[in-house]
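Sequence order for the protein chains is W and A.
Note that our numbering numbers the first sequence so that position 171 is 171, with each residue one more than the last.
Note that our numbering numbers the second sequence so that position 146 is 146, with each residue one more than the last.
Just so you know, these hints were derived from the structure itself, not from any lab.
The structure displayed is predicted, hence computed values, not measured ones.
C-beta: ideal position from N, C-alpha, C; glycine also.
Don't take every hint at face value.
Computed list of lysine-lysine pairs in DSBU-like fashion (alpha-carbon distance at most 30 Å, straight line) [to be verified]: (1) W:113 to W:177; (2) A:157 to A:79; (3) A:165 to W:137; (4) W:121 to W:137; (5) A:157 to W:137; (6) A:168 to A:157; (7) A:92 to W:113; (8) A:134 to W:137; (9) A:35 to A:134; (10) A:92 to W:121; (11) A:202 to A:168; (12) A:168 to A:155; (13) A:155 to A:79; (14) A:92 to A:134; (15) W:137 to A:155; (16) W:104 to A:92; (17) A:35 to W:137; (18) A:202 to A:157; (19) A:36 to W:113; (20) A:168 to W:113; (21) A:202 to W:113; (22) A:79 to A:143; (23) A:157 to W:113.
Here's a subset of chain W near chain A, in silico, CB distances under 10 Å, partners left out [said to hold, decoys possible]: (24) 108; (25) 110; (26) 114.
What follows is a set of in silico ranges between Cβ atoms, one per label pair, in the way DEER data are often shown [said to hold, decoys possible]: (27) A:101 to W:145: 36 to 42 Å; (28) W:130 to A:212: 26 to 32 Å; (29) W:99 to A:69: 51 to 57 Å; (30) W:168 to A:211: 32 to 38 Å.
These are the residues of each chain, in order.
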Amino acid sequence: MKLPYIFLFLAILILIIVSVIYGQVSQDNELSTQTSPNSIATSPNTGSSQSTATENTPSPSSPTPQSSVSPATFSFGSAKKSAHYVSNVPTHGATLTNVPADIKISFNFDLAKPSAITIIKDAVDYGVGETTISADKLVLSRAIRSDAPNGLYTVNYTACWPDTSCHTGNFQFAINK
Amino acid sequence: MNRNVLIGIVIIIVVAIGGFFATRSSQSDNQTSVKKAAHFESSTPAHGDTLAAVPVNVVVDVNFDLVSGSEISILHNDKEYGQGETVIDPNKLAMRRALDPNAPDGLYIVTYKGCWPDQSCHDGRFSFTIDRTKISQYTDMTKQPAVTIQMSDIKFKPMDIRISKGTKVTWVNDDSVEHFVNTDSHPAHTYHLAHNSRALAKGASYETTFDQPGIYPYHCSAHASTMIGRIVVE
């Protein structure tokens with residue numbers, strides 16, 4: 001190959017690289033300007049600039065089973081709340097000295113079937129009978145086996161709405177008789 | 001300068017310009033893409049919505065307790081159109097920020113940061129468009145102190161209306177099945193909290209008055225995917 005052609009090929013290659021890099025820098029500057037008014041970190045190409053926080057935040061979608069934990073040292077995860085959630089009894093993080101009669105979860109909008117509650121310890125559901133919806137459609141409840149042993153319980157619930165769409169939530173309590 | 005050098009220069013210029021604009025196109029795609037933060041459930045406006053008027057606020061719904069430090073930014077052409085502070089709802093499951101009522105037509109990029117009880121934060125992004133030309137498709141019911149919307153055949157009739165500020169709107173269920181009147185999104189119902197009914201049996205009604213100009217998207221929670229309506233308050 002003649003020398004001018006080699007020179008031409010190299011020049012094209014260098015300019016392509018420079019133009020792509022310049023475009024990328026321009027993009028970064030533009031997005032940096034966009035996010036500055038409220039200091040909201042945004043980095044579309046690399047994900048969140050605060051992505052390390054993901055590792056620090058407990059995932060509420062799947063509280064970790066704690067069957068091996070001593071009954072006196074329960075470690076509660078984070079509760080996940082569905083839309084229209086108001087409260088629950090027992091409360092998240094409560095340690096009870098007796099087995100509760102049932103679980104009650106209150107909402108501020110009309111519940112519908114197939115809303116459901118499970119009360120899990122060591123992969124066993126200690127709920128008894130069906131989940132019921134109160135007459136005013138605002139409370140889900142389910143009874144618990146009276147022989148439920150000491151330990152950490154994860155309550156998973158599915159709240160369903162009039163169009164049969166559903167959303168999930170969860171919380172935890174412990175029994176230490 | 002010989003012919004080969006001239007051809008080379010032309011090729012270099014064409015390739016350089018092409019590479020630059022190809023990258024710029026990629027940037028544009030990134031700006032309008034959606035990114036959901038951890039615990040994100042929904043937003044109003046939803047990503048990709050085109051609205052016939054300015055939303056009264058932007059709301060982000062989550063499934064975990066928000067804490068202070070959470071914030072929303074609403075940008076159009078690099079200018080902030082969010083007004084006032086970001087506010088966390090009392091139940092801690094939604095945050096909202098008002099919009100400048102004079103926000104112009106165009107694409108808006110919403111970036112938000114949700115902060116949690118352990119002080120960690122996550123950010124997300126979505127976009128929506130304001131296009132006032134869409135108002136021509138709305139039924140003009142302005143300059144009336146009160147208007148009625150029928151719930152009939154699993155529809156709001158009329159579906160999209162314009163009213164004047166201070167108008168009382170009444171919904172009446174003419175169907176044999178239960179209906180609801182709930183502000184978007186579904187099922188969070190957080191955009192305009194005063195715009196929420198419980199179940200309405202046949203013949204039952206629900207009413208509320210709109211005092212703030214802007215657009216109010218809503219739906220029936222029993223038929224959320226199809227029975228929708230919008231009110232523009234002027």
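Indices of hints not satisfied (ascending): 1, 2, 3, 8, 13, 14, 17, 20, 22, 26, 27, 28, 29
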